[in-house]
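Q: Sequence:
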Amino acid sequence: MVTMGQCYYNETISFFYNNSGKELSSHWRPKDVVVVALGLTVSVLVLLTNLLVIAAIASNRRFHQPIYYLLGNLAAADLFAGVAYLFLMFHTGPRTARLSLEGWFLRQGLLDTSLTASVATLLAIAVERHRSVMAVQLHSRLPRGRVVMLIVGVWVAALGLGLLPAHSWHCLCALDSCSRMAPLLSRSYLAVWALSSLLVFLLMVAVYTRIFFYVRRRVQRMAEHVSCHPRYRETTLNLVKTVVIILGAFVVCWTPGQVVLLLDGLGCKSCNVLAVEKYLLLLAEANSLVNAVVYSCRDAEMRRTFRRLLCCLCLRRSTHESASYTPSTRTGPSTRIMLPENGHPLMDSTL
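Position 335 (the sequence shown) corresponds to 335 in full-length UniProt numbering; numbering is contiguous.
Keep in mind the hints are simulated off the structure, nothing from the lab. Possibly wrong hints are sitting among the right ones.
[Said to hold, decoys possible] Simulated pairs of lysine-lysine, BS3-like, Cα-Cα distance not exceeding 27 angstroms:
#1 Lys22 to Lys278
#2 Lys31 to Lys278
#3 Lys269 to Lys31
#4 Lys22 to Lys269
[Said to hold, decoys possible] Derived CB-CB ranges, DEER-like:
#5 Arg210 to Arg98: 48 to 54 angstroms
#6 Trp28 to Ala206: 43 to 49 angstroms
#7 Leu159 to Leu199: 16 to 22 angstroms
#8 Arg98 to Leu48: 27 to 33 angstroms
#9 Leu123 to Ser26: 38 to 44 angstroms
#10 Leu195 to Cys311: 44 to 50 angstroms
#11 Gly160 to Gln220: 54 to 60 angstroms
#12 Leu123 to Tyr9: 55 to 61 angstroms
#13 Ala55 to Pro143: 37 to 43 angstroms
#14 Thr41 to Asn10: 34 to 40 angstroms
Think of the CB as a built atom: it goes at the ideal place given N, C-alpha and C, for glycine as much as any other residue.
Take these sequences, add in the hints, and give me the full structure.
A: Written out as structure tokens, the structure is:
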């Protein structure tokens, strides 16, 4: 019998799952095998791609700029997310019931911390790009110390949100507030986590929208002085493509999961959130793979560095490519914007 105000620190995982109505399988079901197989595949791809991004940034001195420090931090957060999801795949299905309470909170905390760090870094990159574009700079002149503080702030916030459930924001002493998707966590935690991620998305929309309209105004102004050169149209189209890819990837990967978390956090009894939770978590994890493509592989110099790392080119060829490198209109994390005025570059910035 459940008593109000009583804590259940000595109960098993099965006790809390039964309380929330979430099924614990005693054997491997076909859907468990499918989820684990997909999860292991995504995790390995996330680990490999983000290790490649980190190695590229570390090995190429051209990337020793504040924006690339943030990209490196994004890759580190996504690498951590891959490790956390890999840990989950080895402790899911029938193995969940064998977890201790501490093991379950460790599994959940790793996921929450890594995914929060990834989302927070995406916002930091958007803000840094806004600052650079508005200041008409190719690379931000933000001091390295301030970038380090920004990165530390991201991880402090992520660790705080990830560790809170194990220490206070759980439902071990209030079973009526337990969520269905995460039976040891309070519904209010899920609601706050979901709302925080949705707020990050809205802020990113606002930042990139401001960048887009600013650049479009500059393009139109330049077009008045240079008779409608096709490059101006190409610049605008590239910018639109970049913004759509960045925001579209976030929406596709994150929004479904956040909506389901929010519904569970708000206590929606008629919502069948358990039917889709594992697949939506997998989709959110896939964002850690998409990030490496959107923020790194669209960079021409980054792609060259990837090829050198993967193909193990000889030193002479690598030296020749480095010496013959000429600036491209498509470098930087996504799209380089170059708006010449009277023969001089007015803007050369990346998104």
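Q: Next step is simple, just say for each hint if it's right about the structure.
A: Now for the hints, and whether the structure bears them out:
1. At most 27 angstroms may separate the alpha-carbon atoms for a hinted pair to count; Lys22 and Lys278 meet this at roughly 13 angstroms.
2. With a C-alpha separation of about 10 angstroms, the suggested pairing of Lys31 with Lys278 holds against the 27 angstroms cut-off.
3. At roughly 23 angstroms between alpha-carbon atoms, Lys269 and Lys31 fall within 27 angstroms of each other, so this suggested pair holds.
4. With a C-alpha separation of about 13 angstroms, the suggested pairing of Lys22 with Lys269 holds against the 27 angstroms cut-off.
5. Distance hint check for Arg210 and Arg98: the Cβ-Cβ separation is about 51 angstroms, which falls inside the suggested range of 48 to 54 angstroms.
6. Remark: the range hint 43 to 49 angstroms for Trp28 to Ala206 is upheld by a beta-carbon distance near 45 angstroms.
7. For Leu159 and Leu199, the Cβ-Cβ distance of about 19 angstroms falls inside the hinted range of 16 to 22 angstroms, so the restraint holds.
8. Judged by the Cβ atoms, the range 27 to 33 angstroms given for Arg98 and Leu48 holds: they are separated by roughly 30 angstroms.
9. At roughly 42 angstroms, the beta-carbon separation of Leu123 and Ser26 lies within the given 38 to 44 angstroms, and the hint holds.
10. Checked against the given bound of 44 to 50 angstroms, the beta carbons of Leu195 and Cys311, roughly 45 angstroms apart, stay inside it.
11. At roughly 44 angstroms, the beta-carbon separation of Gly160 and Gln220 lies outside the given 54 to 60 angstroms, and the hint is violated.
12. At roughly 36 angstroms, the beta carbons of Leu123 and Tyr9 sit outside the given window of 55 to 61 angstroms.
13. Taking the beta carbon of each, Ala55 and Pro143 are about 26 angstroms apart, not inside 37 to 43 angstroms as hinted.
14. Roughly 38 angstroms separates the CB atoms of Thr41 and Asn10, a value that falls within the hinted 34 to 40 angstroms.
The structure shown violates the earlier hints numbered 11, 12, 13.
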